Each structure stands twice: as C-alpha cells, then as structure tokens.
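Here the protein sequences line up with chains F and Z, keeping their order.
Its first residue numbered 9, the first sequence is counted upward by one per residue in my numbering.
Its first residue numbered 11, the second sequence is counted upward by one per residue in my numbering.
If you're looking for bench data, these hints aren't it; they were derived computationally from the structure.
Owing to the predicted nature of the structure, the values given are computational and were not obtained by experimental measurement.
Just so you know, nobody snuck in bad clues.
Taking lysine to aspartate or glutamate and the EDC-like style, the derived pairs with C-alpha atoms no more than 16 Å apart in a straight line are:
no. : chain 1 : residue 1 : chain 2 : residue 2
1   : Z       : K100      : F       : D143
2   : Z       : K44       : Z       : E127
3   : Z       : K128      : Z       : E215
4   : Z       : K100      : F       : D178
5   : Z       : K152      : F       : E133
6   : Z       : K100      : F       : E140
7   : F       : K34       : F       : E13
8   : F       : K10       : F       : E100
9   : F       : K57       : Z       : E64
10  : F       : K57       : Z       : E67
11  : Z       : K44       : Z       : E215
12  : Z       : K193      : F       : E52
13  : F       : K236      : F       : D201
Residues per chain, in single letters:
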Amino acid sequence: MKLVENIFSVPYLIINRQYEVLYFSKEVEEITDLSSNFLELVDEGSISKVQEEVSPAKNKNKVEINIYQGERKLDPLLIDLYIHWKNDLQAELLLIPKDQRISDITVSLGELRSRLSNTNFELLEEKEKLQEAIDENNRLSAPFIELSSTTALVPLFGDLNDEKMYTISDNLLEAAQQADKETILVDLTAVGDIHHDGIVVFQNIVQSLSYMGIEIVVIGVNPDHAQKINQLQLKLGLRFISSLHKAIQKYCQ
Amino acid sequence: MNKKYTEELAGYLLKGKEDEAVAFVDELLTNYPKLYLFEDIITPAMYHIGVLWERNEITVADEHLATAVCDFVLSRLDTGVYVDKATKQKRKKVVLLGVEEEQHYLGLKMVASFYREKGWRVRYLGPNLPLDHALNQINQWKPDVIGISAALSYRLPMVKKMTEVFSQLKWNPAIIIGGRIVKKYDLSNFETERTHVIKGLNELEELHIKGKAGVMDETS
Chain F
9 MKLVENIFSV PYLIINRQYE VLYFSKEVEE ITDLSSNFLE LVDEGSISKV
59 QEEVSPAKNK NKVEINIYQG ERKLDPLLID LYIHWKNDLQ AELLLIPKDQ
109 RISDITVSLG ELRSRLSNTN FELLEEKEKL QEAIDENNRL SAPFIELSST
159 TALVPLFGDL NDEKMYTISD NLLEAAQQAD KETILVDLTA VGDIHHDGIV
209 VFQNIVQSLS YMGIEIVVIG VNPDHAQKIN QLQLKLGLRF ISSLHKAIQK
259 YCQ
Chain Z
11 MNKKYTEELA GYLLKGKEDE AVAFVDELLT NYPKLYLFED IITPAMYHIG
61 VLWERNEITV ADEHLATAVC DFVLSRLDTG VYVDKATKQK RKKVVLLGVE
111 EEQHYLGLKM VASFYREKGW RVRYLGPNLP LDHALNQINQ WKPDVIGISA
161 ALSYRLPMVK KMTEVFSQLK WNPAIIIGGR IVKKYDLSNF ETERTHVIKG
211 LNELEELHIK GKAGVMDETS
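Excised from the complex, chain F in its bound form (with noise of 0.2 Å):
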C-alpha cells in the first residue's frame, strides 16, 4: 500500500482483483480509517454490491455505497463509487462523498416528519382527554334517582346516541338490580336528538331489565321524540305517560 500525491486531490484508490489496496491517496483518510483490503472499508450492507459491481466486466462503472467513517462516526457515509479497470488486474477507484446537500435535505425532511408526528401526538393526546371528558358525561346523564320503596326515577339528558347508552346500560342495570324496584320511569324531558343506533341500544337495555322482572315506563316524550319512535318503528314494548307528575301520582303513591 503507497501512498501517492500526484492526483486530484480527491479520495482515490488503485486496487488488484482481490480487493487489495496498492495505492491511496492521502484524502480517503479524511473519511475513512484506511484499511489494507477494500473491502474492510464497506458498510456490510453494501460488500455484496461491491462485489458483483467492482469487476473487470464492467469496465467503468458507478455505484452508490455505505463505506464505514471509522471511529468517529458510527453510521455509515453514502458515497458514489467510480470504477476504472486500467487493466485486467488494477482498478481505479473514486470515492466521492455524496452531495452534502441532499443529506441536508434528508434530515430536514426527517425533522418535518417528527413534527408531524409530535402534532399528531398531541392532537391525539387531546382527543383522548375529549374522550374521556365524553364518556364521564355520558355516565351523568342517566342519573338513578329512587322515588319510593318500588319506583325509580332515570331522567336522561343530551342526545340520545348509541355510545351514551352503552355507557349508562352496566350502571343502569347494576343500579337497578341492587335496588329491588319494580318499576322504572324514564324521562326524556331533557334528551336533545334522538339517533337511530341509541334507541337500538336503549331497546337492549329495557329488554334487560324487563328479563329483571321491572316495567319500564317512559315519560316526557315530546313531539318530536314521538314521531322519530314511531318512524323508527320499534317495538319497544313499553309504557308511557305524558308527564312525571301523572307518573309520580300512578306509581308512587
């Protein structure tokens, strides 16, 4: 291995058949720890290219390869690799370090990427806040409220949406299993909507209770709760009554 001087001043090595270095210039061990056979110099990934691509075949050619940085760095430097074959025996090789402004670009870009990311993070981080602010609404809108030794009172509040009903159902048949009562009002005074999937649900949890011996009665159905019960054709198999004050007469006295 000699060194030589009278070149480019650019990383620049001659090597035989084997890989062996004959000669170098003193500008490859600016971005590298020079080693006596090339191949030592190639990232792992990239020996199985340079052994198909640095072959007296192709007489001149150009490769893209990870050589190693030495000690200094740990990963690997991108170069572009040129071949020249003076004969059958030597090679020519320059090392040319890939544009420095193209890895620039790859950090920045990877930096765009990570404030992507943290964005998304954060917006996910506040949805699950959302979520949970949601789901304990959801829990107080269907409070249980007991009336007399045999009656209940559930007034429900909001929209009536499948989520909410999933949410109030374990409470609601928890609470009125431990309550022993015989008969449960529901108020709709205060629910908003009515959505399709929530009353598919409510359906399931009267149909529950009503398995628990107790008789659902809905009172403070308003006009518009009342056409989108009937529109959605249902067979709840429950009783109404116009207003919490009849109910309270009927069941509690």
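Knowing the structure of chain F, use the given hints to seat chain Z on it.
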C-alpha cells in the same frame, strides 16, 4: 402472484405515485387481511427496493422517495380503524419506538397499526428516539407493552441498553424487539420471560394469540 403484487407496489412507490399506490393497496384490502398486506406485500416491496439498490438500479434518493410514499400509504391505511364502542374494558397500552439514530420506521408504523386494530391505545414515538426522552414518556404513560425496533447492526448496543433499562421498570411491562436487525442477527439471548424477539407481524400475532406477551389474556 405474491411477487407480482410486490413488484407492482414497489414500482408505484419508486415513481412517487402515491394515488396509484393507495388505490392498489385498497384493492388488495378487499381480498386480503391487513396483516397479510403488511407482512407479505408492503414489507417485501420495501425489501425489493433495497435489492434494486444493491443491483445498482436505483439510488438512495429513489429509496427515500419510496419510503415517503410508503409512509403515506401506511398512514392512509391507519385511518378509520374502528374502536368498539361497547367495550368497557380498559384498553391496553403500547409504546413503540426506534432506537436513537435509527432512521428506519416503516415497520414500527405497521406495528402501530396492528395494535390499533386490536383496540389498543398506541403511542408511536417514531424513530431516532434518545433513551432518556423515551424513558420519560414511558414513565408517564405506563404502557403494558414496549416495542423497540432497529434495522442496522450499529444499533445493537443501544437495543441491549434500552432492553435492560426497560426491564427494570416497576410495573414490569412486556418488551418486544423487532425490525430488520432481528432477521439478520440472532438476538435469542435477549429473550426472557417478559422480553420477546419477533421476526415479523405474523410472529407478533402468534405471541398475542398465545397470550405470551403476558398482556392479552389477563382480562379477556
């Protein structure tokens, strides 16, 4: 047949044709499960692109473009994952991260998608994450599973260190090590009762079916 799909997808990725890539993947999704798509189409497509580079047919710049398009396709696949509203169970949590300096992250994204579809809460912290930053997040969030990914052999010491540090955590989360590094090197000496090395999504699925991740079958 598989190879045909793989190479067609790789073609779209390399040409930067994200719309075609998305349409192609959507089409496949009507016939195949997502897991198959990840493991047998998208991952091989990216490996194929690596092979094309080795054959000197494309440059690193092409690879970067393909990665970005693939990222886009994966993000698209991830939207609209259905979370069952009726389940009351506390959802399990997983944190996913690439070790410091690691730039390969597509596999992690697929794992994130895999867990989301299972109904887990997922924190995908992305690649190139310094240990102390990761530890900070993990301590705050207390995940049931921590997934670590790495591709290149240089990361091996860091993977080891992270595994050691995460094994000390008090609530004893399961640790899963994956990525190309696992396919190339034998990491079986990393395995313990709570630390698993997986070679791909199919193995991850198996791990969860067996309940070996120690987290699937506690409540279900």
